[in-house]
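Undergrad: Sequence:
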Amino acid sequence: MLSADQTVQHYENFPVGSWLLPRRFRRPVAVVYHVARYADDLADEGEASTAERLAALEACSAELARIAAGQMPLTARFQALAPVVAQYQIPLNLFEDLFSAFRQDVVKTRYADFGEVIDYCRRSANPVGRILLHIFGFQDARMLAQSDGICTALQLVNFWQDVAIDLRKDRIYLPQDELARFGVSEAMLQAGKATPELKRLLAFQCERTRKMLVAGSPLGRALPGRIGLEIRTIVLSADRVLSKLKAVDYDVYTARPTLGGLDWPLILYQAIKATWFVTRPSAGCSHS
Numbered sequence: 000m001l002s003a004d005q006t007v008q009h010y011e012n013f014p015v016g017s018w019l020l021p022r023r024f025r026r027p028v029a030v031v032y033h034v035a036r037y038a039d040d041l042a043d044e045g046e047a048s049t050a051e052r053l054a055a056l057e058a059c060s061a062e063l064a065r066i067a068a069g070q071m072p073l074t075a076r077f078q079a080l081a082p083v084v085a086q087y088q089i090p091l092n093l094f095e096d097l098f099s100a101f102r103q104d105v106v107k108t109r110y111a112d113f114g115e116v117i118d119y120c121r122r123s124a125n126p127v128g129r130i131l132l133h134i135f136g137f138q139d140a141r142m143l144a145q146s147d148g149i150c151t152a153l154q155l156v157n158f159w160q161d162v163a164i165d166l167r168k169d170r171i172y173l174p175q176d177e178l179a180r181f182g183v184s185e186a187m188l189q190a191g192k193a194t195p196e197l198k199r200l201l202a203f204q205c206e207r208t209r210k211m212l213v214a215g216s217p218l219g220r221a222l223p224g225r226i227g228l229e230i231r232t233i234v235l236s237a238d239r240v241l242s243k244l245k246a247v248d249y250d251v252y253t254a255r256p257t258l259g260g261l262d263w264p265l266i267l268y269q270a271i272k273a274t275w276f277v278t279r280p281s282a283g284c285s286h287s
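With numbering that gives the first Met the number 0 as the guide, the letters of the sequence shown map in order to residues 0 to 287.
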């Protein structure tokens, strides 16, 4: 089991809290990120039992309750979070939404339909964007909705990218009704072969995900300066992963598409020039 001072090192698609942000925001964003990452790892990493994982996540919720009551949290991670919450007036329910999604990951491994998947994303991903907007000082309703669209899309990109990895954890985020619609059985998934049926299903998922990115992408132009640049970089990173999924013909078993050193200069150039995909025909995914 992870200790309170350990977090597993992760490859990350999307550069949240990168050097692109103004310096004054980097520490509070890092504090939030490490709390969220730690809680996510409690659900996913190590050899802990289900009961141990749930107890550890309940301990995170108890730390939030201490912050809400004006008490000193017991752990350094949450002691660092408390002044960030106070300074930026971040609603604690956003963190509790994250923890509830991570608890769900411990006990729920199948999703009946896309609505269930979206509800999970609403709690596992969208709070992060809303927390960031609190830190940046923007609470416009349209910006919040655009942030939700981007964050949900980022979570979905990870799902489609990690189909094979999640199977090894006995998790399937592809909706059960859509598996049936495209003729993909669980046995086919477990066989570890990218069948034509699975490729069509993933192409459908990627196209729908990309539409969410497009819907949220104006946020990267609405936010000023380096904050907007960070958001544009994140959106473009997600679009590039979708393009890489298409390039390998949605064969998520042979290789997990990731972003490498050659991708980042192009992404950054496009973000700076704002020559991003929202102005172009769909490049990331296709039914064909």
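Note that these hints are calculated values from the structure, not bench results. Hints may contain errors.
Here are the simulated EDC-like pairs of lysine to aspartate or glutamate, each with C-alpha atoms no more than 20 Å apart in a straight line [stated by the list, open to error]:
hint: 1; residue 1: Lys192; residue 2: Asp165
hint: 2; residue 1: Lys210; residue 2: Glu57
hint: 3; residue 1: Lys168; residue 2: Asp262
hint: 4; residue 1: Lys210; residue 2: Glu95
hint: 5; residue 1: Lys107; residue 2: Asp161
hint: 6; residue 1: Lys198; residue 2: Glu185
hint: 7; residue 1: Lys198; residue 2: Asp165
hint: 8; residue 1: Lys107; residue 2: Asp139
hint: 9; residue 1: Lys272; residue 2: Asp250
hint: 10; residue 1: Lys168; residue 2: Asp139
hint: 11; residue 1: Lys198; residue 2: Asp139
Because the structure is a prediction, the values reported are computed rather than measured.
Undergrad: Evaluate each hint against the coordinates.
TA: Status of the hints after comparison with the structure:
1. With a C-alpha separation of about 15 Å, the suggested pairing of lysine 192 with aspartate 165 holds against the 20 Å cut-off.
2. Proposed proximity of lysine 210 and glutamate 57 is contradicted: the alpha carbons are some 35 Å apart, above 20 Å.
3. Under the criterion of a C-alpha separation no larger than 20 Å, the hint pairing lysine 168 with aspartate 262 is inconsistent with the structure, at around 29 Å.
4. Straight-line distance between C-alpha atoms of lysine 210 and glutamate 95 comes to about 28 Å, which puts the hinted pair past the 20 Å bound.
5. Proposed proximity of lysine 107 and aspartate 161 is supported: the alpha carbons are some 17 Å apart, at most 20 Å.
6. Pair hint lysine 198 plus glutamate 185 holds up; C-alpha atoms about 14 Å apart against a cutoff of 20 Å.
7. As the CA atoms of lysine 198 and aspartate 165 are separated by approximately 17 Å, the hinted pair is consistent with the 20 Å bound.
8. With a C-alpha separation of about 34 Å, the suggested pair lysine 107 and aspartate 139 falls outside the 20 Å cut-off, and the hint is violated.
9. A threshold of 20 Å between alpha carbons decides the hint, and for lysine 272 with aspartate 250 the separation of about 32 Å lies outside it, so the pair is violated.
10. For the hint linking lysine 168 to aspartate 139, the alpha-carbon distance of about 38 Å lies beyond 20 Å, and the restraint is violated.
11. For the given pair, lysine 198 sits about 39 Å from aspartate 139 by alpha-carbon distance, which is inconsistent with the 20 Å threshold.
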